[in-house]
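S.K.: Based on the provided sequences and hints, a complete structural model is requested.
Going by the numbering used here, 41 is the number at position 28 of the sequence shown; the sequence numbering is gapless.
Worth double-checking, as some hints may not be accurate.
[Said to hold, decoys possible] Pair by pair, the computed Cβ-Cβ distance ranges are:
#	residue 1	residue 2	range
1	E95	C161	32 to 42 Å
2	C161	V98	19 to 29 Å
3	N55	E87	14 to 24 Å
4	D104	A74	32 to 42 Å
5	R90	P139	14 to 24 Å
These are calculated hints, taken from the structure and not from any lab test. Backbone N, C-alpha and C define an ideal beta-carbon position, used for all residues, glycine too.
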Amino acid sequence: MNRSDRQIWVDGEYVPESRSVVSGTSPGLTYGAGCFETLRVNQGVPDDLEAHLERLSRGLAWLEVDNVFHPVPETVRQVIDELLVRNRLLDRVAVVRIQASLQGGRGYATLEGEEGAPIVIISAAPYSEHRGEYRLKRVQTTVIPGACRPADLKLSNTLHFMK
14 MNRSDRQIWV DGEYVPESRS VVSGTSPGLT YGAGCFETLR VNQGVPDDLE AHLERLSRGL
74 AWLEVDNVFH PVPETVRQVI DELLVRNRLL DRVAVVRIQA SLQGGRGYAT LEGEEGAPIV
134 IISAAPYSEH RGEYRLKRVQ TTVIPGACRP ADLKLSNTLH FMK
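M.R.: Now the structure itself:
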């Protein structure tokens with residue numbers, strides 16, 4: 014299956030990866046306001062799903078998302094199972110990413126009510142091991158001080174790790 018045929022789950026709907034849409038003014042996109050988890054799934058069995066979902070929930074709480082909007086573990090498990098089937102990954106090792114991004118209006122204001130719900134995207138793809146050497150690389154990128162962001166959460170605004 015090529016990437017353009019791959020299905021993802023976006024807020025309750027299975028869609029082709031190439032056709033997913035996120036608002037261009039969402040805080041998740043414009044400010045990197047969100048959190049994520051990436052986990053390995055071996056022959057349909059997710060590694061440490063409960064621990065990943067607990068950390069995702071802590072990340073959403075840190076972003077001040079009301080817990081009524083946090084992903085429900087049973088739903089996430091059903092979505093993962095369905096994505097594995099749809100993407101023909103049930104009999105192999107796969108990687109699943111759960112992304113929760115803030116949505117709503119522009120600016121930094123905290124959203125209340127239904128507008129405070131994040132958009133949740135779950136994807137599943139074939140797992141491929143990185144082959145080759147790891148090398149220490151010195152970069153000129155400034156890292157956000159640890160006091161400004163929790164080190165134990167996987168928040169979306171991690172562009173500084175890309176270089």
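S.K.: So, for every hint listed, does it hold in this structure?
M.R.: Quick rundown of the hints versus the structure:
At about 38 Å, the beta-carbon gap between E95 and C161 stays in the expected band of 32 to 42 Å. Taking the beta carbon of each, C161 and V98 are about 41 Å apart, not inside 19 to 29 Å as hinted. At roughly 20 Å, the beta-carbon separation of N55 and E87 lies within the given 14 to 24 Å, and the hint holds. One distance hint, 32 to 42 Å for the beta-carbon pair D104 and A74, holds here, with the actual separation near 36 Å.
For R90 paired with P139, a C-beta distance near 20 Å keeps the hint of 14 to 24 Å intact.
Hint 2 alone, counting from the list given before, is not met by this structure.
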